[in-house]
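**Q** Model the placement of chain F on the given structure of chain U, informed by the hints.
Listed in order, the protein sequences are those of chains U and F.
Residues in the first sequence are numbered consecutively from 225, following my numbering.
Residues in the second sequence are numbered consecutively from 1392, following my numbering.
Worth double-checking, as some hints may not be accurate.
[Stated by the list, open to error] Computed Cβ-Cβ distance ranges for the label pairs, DEER-style:
1. U:Val-244 / F:Asn-1402: 20 to 26 Å
2. F:Asn-1451 / U:Ala-381: 28 to 34 Å
3. U:Ala-322 / F:Val-1465: 27 to 33 Å
4. U:Glu-228 / F:Arg-1483: 49 to 55 Å
5. U:Val-382 / F:Ile-1476: 30 to 36 Å
6. F:Arg-1484 / U:Ile-362: 45 to 51 Å
7. U:Gln-363 / F:Thr-1488: 47 to 53 Å
8. F:Arg-1484 / U:Val-389: 24 to 30 Å
9. U:Leu-374 / F:Arg-1483: 38 to 44 Å
Rather than coming from a laboratory, the hints here were simulated on the basis of the structure.
Even for Gly, the Cβ is constructed at its ideal location relative to N, Cα and C.
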Amino acid sequence: MTVEAVLFFFAAALALGGAVGVVLGRNPVHCALLLVVTLVAVAIFFLLQEAQLVAAVQIIVYAGAIVVLFLFVIMLLGVDKDESLRDPIPYQRPAAVALGAILLAEIFVLAGRTWATGATSVRGSVRRRVDGQDLGNIQRVARTLFTDFLWAFELTAVLLVIAVVGAVVLARRSGQRAQLDEHEQAIEEQITEAELSEAAEEEEEEEEEEVVMP
Amino acid sequence: MSLAALDITPNYYLVVGALLFTIGAVGLLLRRNVLVMFMCVELMLNAANLTFVTFSRALNDIGGQVIVFFTLVVAAAEVAVGLAIIVAIFRRRRGATADDVRLLKG
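Chain U with its partners taken away, still in its complex shape (with noise of 0.2 Å):
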């Protein structure tokens, strides 16, 4: 077997692995694991096909940011295992087995179709020298990014600003303040009041601070 088989093939087994134990696993937190599992494969993947900086970029963003940002919400939230098994339309379950029976069948079955043209290059080569040069690949997808995508680009820093304005105002607290329960209330006004007194302290020890210090 050549090289690329076998790393195929071991890359195929962790990422396909790692999906289905993000499926079935009963605890989030080993399902955010073994997400990362399956992520790590995808690079591998990505490297086995010539495309080195997306392989990078996924372990950065995938593996490093949006995974980590997961188990960060489940430690905020606490780890829930007990799901609820009551299916609230009948057979679900089933149901949701057969449909993706179905849709792997309709996958296949669609990929067949004249509608995959198979068309040649248009927005640069991954592997032609371009202008006489021997580009690398990060080179190669610059080129195309900053020209034929730059205003693709450029829409996309408006919807992460977007994003992230969006997410502070959903996890604001300040705007639900009249709901929350009591205990929770009265926790805060706890903290609140500790928070004070220690500033308190801060401030007459800073003032003792200023009579030594002439």
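**A** Positioned in the frame of chain U, the structure of chain F alone reads:
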């Protein structure tokens, strides 16, 4: 075909992509925990990314790799807003089960 001469064609990667996408879709339908449902959406996005990169190499077109960046940005934005919504729901009620929040009214 002997095992020694096994050549990995783009079809192999496409099949793995299709399987990953299906596992993600089935997981989205099976699970009730909103966080795990989100992870299944990430699986489906990754399957789409894998397909893009596979066609990028098969058709010798760098555009496939550029699109993956945009998918990543959309995935990151989606996770940020989605997790903020989950945290906001958790403030109102305990438990991360999708059935409990089927009404938009709180």
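**Q** Would you mind marking each hint as holding or not holding in the structure?
**A** Against the structure, the hints come out as follows:
Between U:Val-244 and F:Asn-1402 the beta carbons are some 22 Å apart, a value that agrees with the proposed interval 20 to 26 Å. In this structure, F:Asn-1451 and U:Ala-381 meet the distance hint of 28 to 34 Å, their C-beta atoms being roughly 30 Å apart. At roughly 30 Å, the beta-carbon separation of U:Ala-322 and F:Val-1465 lies within the given 27 to 33 Å, and the hint holds. Taking the beta carbon of each, U:Glu-228 and F:Arg-1483 are about 51 Å apart, inside 49 to 55 Å as hinted.
At about 20 Å, the CB distance of U:Val-382 to F:Ile-1476 disagrees with the hint of 30 to 36 Å. At roughly 47 Å, the beta-carbon separation of F:Arg-1484 and U:Ile-362 lies within the given 45 to 51 Å, and the hint holds. Checking the proposed 47 to 53 Å range against U:Gln-363 and F:Thr-1488 shows it holds: the Cβ atoms sit about 48 Å from each other. The beta-carbon spacing between F:Arg-1484 and U:Val-389, approximately 25 Å, falls within the hinted interval of 24 to 30 Å.
A hinted range of 38 to 44 Å holds for the C-beta pair U:Leu-374 and F:Arg-1483, which are about 43 Å apart.
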